[in-house]
Amino acid sequence: MSTATADTHADAHAHTGHAGGFLSTYVFSLDHKIIGLQFLFSSLIWFLIGGLLALGIRWQLAYPWRPMPILGDLLAGAEGGQIAPEVYTMLVTMHATVMIFFVIIPVLTGAFGNFLIPLMIGADDMAVPTLNMLSYWFMWPAFVCMGGSFFVEGGASQGGWTAYPPFALTQGTGQFLWLTGLTLVGISSMMGSVNYMTTIIQMRAPGMTMFRLPMTIWAMFITAILQAFALPVLTAASFMQITDLKLGTGFFIPEGWSTNNRPMASGGGQPLLWQHLFWFYSHPAVYIMILPAMGMVSDIISCFARKPLFGYKPMVYSISGIAGLGFIVWGHHMFVSGMNPMLGMTFMVSTMLIALPSAIKTFNWLGTMWGGKIQFTTPMLFAVSFVSMFIIGGLSGIFMAATPIDIFIHDTYFIVAHFHYVLFSGTAMAVFGAIYYWFPKMFGRMMNDSWGKVHFAVTFALLNCVFYPMHILGMQGFPRRLADPYHYETFRNALPMNQFISYCAFAMVGMQVIFVINFLGSIFFGPRAGRNPWHSNGLEWQAPSPPGHGNFDFQPIIHRGPYEYGAPEVEDDYYPQTMPPPAVDKTK
Amino acid sequence: MNTHIILTCSGLLVRCRLSAAFLSVVCFLMVTGCQRAEELGPVAEPASVAEIRQAFSSGADALASDGAAIATGTGWATLRGQFVYDGTPPQMKPYDVRGEDRAKCSRAGKAPLQETLLVDPETMGIANVVIFIRDAARVHESAQPNDESIVFDQKECVFLTHVAAMTVGQTLEIKNSDPMGHNTKIEGRKNVFNQSVPANETLVFSPQKEEPVPVSVACSIHPWMAAYFLPRANGYHAVTGADGSFEIANVPAGEVLEFQVWHESVGARDGGPLVLETPEAKSLKWSRKGRFKIRLEENEEKVLNLTVPASALGG
Amino acid sequence: MNYPTLNKLEAFTKLQGLCVLAVVLAAGCDTAEPPAFRLNMVEAVVRETPPEYSQEISDVLGAMFGTPDQPYALAETGLDQAKLDMAAGPAWSDKKGTNFGLYRKHCVHCHGVTGDGRGPTARFLNPYPRDYRPAVYKFKSTLNAARPTDADLHRVLMNGVPGTAMPSFSLLPGSEVEALVEYVKYLSIRGQMESALHMVVYELEEEEVVDENGEPRRDEAGEPLLQRTPLNPATYPEQREEILSYLEELMEGWNTANEQIIVPAEDQIPGDDRLPEEVLASAEAGRKLFYGKADCKKCHGPTALGDGQQTDYDNWNKVHHEFLVEIGRKSESIVKRVGDGELDKAAEQQLINDRVELARWQGVAATLYKPRNAIPRNLRQGIYRGGRRRIDIFHRVFTGIAGTPMPGSGPASPGAKGTLTEAQMWNLVDYVLSLPYEPPSQPLKALPVNVDEVL
Amino acid sequence: MKRFWSFLFFLVPVGGVATFVAAPYLRLWLPVDVSEHGRTIDDLFMFILALTGVVFVVTEGALFYFSWKYDANSNNAPVKYSHGSHALELVWTILPAVTLLFIAVFQMEAWARAKMKPPDIAPLVEVTGRQFNWDFRYPGPDNKLYTIDDIVRTDGRLYLPVNEDVLLKITSADVLHSFFLPNLRLKQDVIPGMDQSMWFKAKAVGGFDIVCAELCGWGHYKMKGRVYFLPRSKYEEKLEEMRQEQNTMRVGVPEDDDE
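So the protein lines, in turn, are chains S, C, R and L.
If you're matching positions, the first sequence starts at 0 in numbering that gives the first Met the number 0 and goes up one per residue.
If you're matching positions, the second sequence starts at 0 in numbering that gives the first Met the number 0 and goes up one per residue.
If you're matching positions, the third sequence starts at 0 in numbering that gives the first Met the number 0 and goes up one per residue.
If you're matching positions, the fourth sequence starts at 0 in numbering that gives the first Met the number 0 and goes up one per residue.
Derived by calculation from the structure, the hints in this document are not laboratory data.
Be aware that a few hints might be false.
[Unchecked claim] To give a feel for the contact side, a few chain C residues facing chain R, derived at Cβ under 7 Å:
#1 Pro41
#2 Glu44
#3 Val191
#4 Phe192
#5 Gln194
#6 Ser195
#7 Pro222
#8 Ala225
#9 Leu283
#10 Arg287
Built from N, CA and C at the ideal position, the CB exists for glycine as well.
Put together the whole structure using the sequences plus the hints.
Shown next as structure tokens:
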């Protein structure tokens, strides 16, 4: 492969891009890579905002009703910097909302889905680039809705991210903006998922059979299916809640209902209906938030263990199994909600079963590490930590799947610990790993590995200090979303532990400065990366770094799966998917 | 290659700038949003606080006088006069009569008219102006508090006495001549009363304390009903009649008397001091508080004819 | 094997990163100031107290009552400084586990630092939280015009106010509840005093301007020049006297509250252990009164759903309602005058002044919440905000609910004549208590009218 | 420092187990259980804790071991070129599947007892959650709810007899709340317009917290209540006392103390 031709190729693309005008090239771009980066940047900014919101929560739990420095006056106004209880509820709601809908989902499917899918399947772009662009720009009205809701009368939504009616319906404009934002995010995800499915099915390079797809792509594919089938339910449900809120319908309002001495216009609905509809989306959404991370981790682990992925097909089947089962387990969020307890039993069985594919995946990752030559680069450290943390998150899930235990731990910090282990220690760590891993492809430069390791070590240590103790808080029955749990005698002794957690949380968020500096600095000053700095097999690594418009400067033809590390057929310990097999060499 | 990277970078910079702009907008909104409303008024200053607290804790200095007016003259005089409206007499709007009592509360099918500003079209006299002496050094026996009762009737959802001025100790006989129940709610600074008055019954209320200005009397059941009530320590008070005339007899002569003039259509709530800036008012040094000082000779019968421009009554 | 060996970041980048972070952090407001008592600006503008006095009133109140962090009980108030200290300031606990800053911890979100019922949470609540400053309390055992007793305030804290967002604080240690009662009284007295200071200021006469020799300065006409007399009890002993006499007067109300308790006459109290039929008969008599002489139906409605007269306001909302109406009137007048065109100099100046004043009023109005009507209680819900003991309901019937349109049926003062006899009031109590169980109450309906006033 | 990273991962199982060992000493453990059925739930919890604990230690141990053994810096052995093992896949599919199904079936009885088989008695108290308080309605002398002699309490204190089957009717006046009794291992969301029940038998005298466990508004944290278990005789005394209080027709006038 001649570098010279590659360069001219890239140059040509750069020029065509330039000719299209700055705005259309870098802002309203149709290029999947630029759109992916747009998603990446906006989610990282929201990650910061969401993290700050979490610090507000942690402050209150560590120093209840004490004036909060800096943010206190911003949030609470006239009360001398103390966090007012409704502000606390707002923090809880908006932290979850921002993290789920503006960080995790967009960064996984939006950023990495967009950036990687065409590159990894050998396509020059998405099937419908315009739709792709729209899926990003539909996020902006959602950003404005949610961000702006902090400044409307009554502030942002306080209904919890689950927005359970009838309480959510007592909220004002904040809730309306929240629902509108949610619907817009739904539309954006919908556009993305349709595009991903089409692209993966239709636009694979020659030789890229379904079972030669990297796990990342399989995960994105299944995620897209989940989104496509679950999202309409949420969109419909949030639309129903909007009409309940603004137009006086009564889907979720019981007969004769009144609160806060407000007369209500109608009734005859059922609050539980919302929970069913909401969780019908939001439980699959949990897998939307973890499957792509699992896929990316599989790729990273196999690459740095220099060894084929253990049990490729079982991995694919287990992802599909998670997706299938994911649709019939939503009721486990509602064990104590008042639904028929008979349903509880059914959901317990299905929930227990969904632990199975996750277990299979974990064992396969361990199998991949077994007998390899593990290179502990920064991405690998994050990927291994994902496995390690996912074990904790997965095992703690078994507690709440067990209905009698869930009666006790439901809505306690045990749940908080569980989903933070899955979503922060799991997904967010995987995302960090993926950023370190694919950064050279995105920007053509390497991130600093030493600082990356420092970032990893600090984050890894602190996140365990933050989230692990929450398990024992939960065992004690310590409830979620309580602005001042120390009112209760039972929980008074949890204060020191919460202070410890809060210190660690402040430190952890503070330490992300390392990442921010490394990330921004490396964009401009990092050492140049070649096409394949990690000696990886994946197709994306055969493209220039960063890839020009149209991605490949050659026509990729796929000869094998992406995990042929340490293959005996070749001398190198990697065997790129496009490299023709030795048999072809013989004929030469 | 280089160009491409530079372009990518500058593209990123643009995005950074965009997000920076977004962030700064957010920050700006937060900062402005968190600013406390200045309308909440000032906060105490520690230095003056310390000084004043010192003064409070150091015990009261003996004061020469206890503030009561000192008698300087002898004999009695009379003040009479008339308040004349300068302008077109306003048409009073009917009350916003609502609810099931509409029929009973209407005179010949029409809601009663408000009595906020009553001007007699012939004499142009203004009714229901209240004038009283703020502090009298001597009180004539005819102006001493007595125990006569005043009938305070209500009919067709109108208080028949629009302004009830009286002395403390007198009883207000709150009468209800309507076929339905009323309640009478007096929200004074020192006199609070809220009792239901069943149809055709009479309740009594005897104020024990003086009020500095007339206070409102209302009926919660018929919120449009409005009247005023003024208990004073002595009888030196008058409410102008339909022709705007008043008379306060037997006021102490030879003293500087400070009169307060009040009308309900002045001020934000529940009426206020009537402020006049006409030449005759200027000669009385009529103050911004609706007060003027006057000194009468023994047996003098002073006549005050005052022109009230429409603007003084919020017109 | 060639692993990427990566350069250290340039120091420049780090510096830049730190700068960005510092800017982000500094972009917030300054560090939190301790909260301060605020003036009742509605009162200030409605009474037309000149703005220059606001600072002085604030200073005098500060001298008499201290700050939210350091309350001060003037001996004349008879308040317990130790209890105030426990209730005031930021929330914290000492090593022994004694809690301080109780008001800031439990009450301030709704009732506000100043006790004006305008904490940040207040806007979400219906009814709005109580404004302590006028010292008018609804649920008490004393006569309408009287202050509540300590026991009354204590009861409200223990049982909460059902039907509102006021929760019960019965699980707090007794000493903490007592400290809170004391602090609520403190805020009330402070509020009353603020109002009295406006009266003091209103009565201040202008004083003569004197030159360095103590001679009064005169204008061209030979009249003495006059200037505003500042409110400063430290330099004007007579002001101090007057302030203290106001304080004494208002403290008398608090100190005599126990004497104003309504004690039902023993001989009229129905027996403690009545047969159900007797209760029923009594309720039936009450029912006749409800629709007849007592005329409860006028407000509570012919169905007792609270759907009678609903357009009146309670005192707290009425003040704001009238304030807003007056603003409307003022701006209307300005619009009219502007429309008239052709104004002379004086009228022009007047117009400018009025506009400035209107702007000030509107600024104050912007800090208010929308006034709400006083909705009579739906008696069929079985929710009794002031408590559901028979004596509580008896007190409501006897003396009405202070500050609200609800009138009393008993004598307004000892010895006066009431509308109903006590026996009749007890009948009403029985009827009111039986209303939720009357058949038409099932199923209960929400209030049918006045939707836009409440939403 | 050679195998630094593997040791970092080794800290996970060590720290994880250590935290749970240390937790009781930090007084952070399951709260005191005063119910009859609570034991079952605690046992189930401990059973799953032990089971997951073993799996946790084994998998995290394996993770550590592989990171330690196969660290490229110290491992010179050639890479094991393998695409997986069918037999292993079968083993680690079937084994967890059986275990998980066993856990599920094993729990069903406890669940049924807690939520599906109420005792055949009349409800003793109606509990109503409202923003932001728990209100309690006792049936009064006629033992029937919603009659004129009901005793309604809003002071957040619930009195119940000990050592007796208790059936509570729980509902909400406005939004969702959750009636959570940590010491009885019971929790039930309450929904406006829906009646639910909760039943238990307390076995200890004393006062225990009532917590609201479903976000119900700004004052969610204020919904503190307390349940007191009393011996039958004391309980009846308390009921009578509350009935008397509700019927009070006299008012206490404090002695005038001129201080």
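Hint check:
no.: 1; hint: Pro41; verdict: 5 Å, holds
no.: 2; hint: Glu44; verdict: 6 Å, holds
no.: 3; hint: Val191; verdict: 3 Å, holds
no.: 4; hint: Phe192; verdict: 5 Å, holds
no.: 5; hint: Gln194; verdict: 5 Å, holds
no.: 6; hint: Ser195; verdict: 4 Å, holds
no.: 7; hint: Pro222; verdict: 4 Å, holds
no.: 8; hint: Ala225; verdict: 12 Å, violated
no.: 9; hint: Leu283; verdict: 16 Å, violated
no.: 10; hint: Arg287; verdict: 9 Å, violated
Of the hints listed earlier, those the structure fails to meet are numbers 8, 9 and 10, in rising order.
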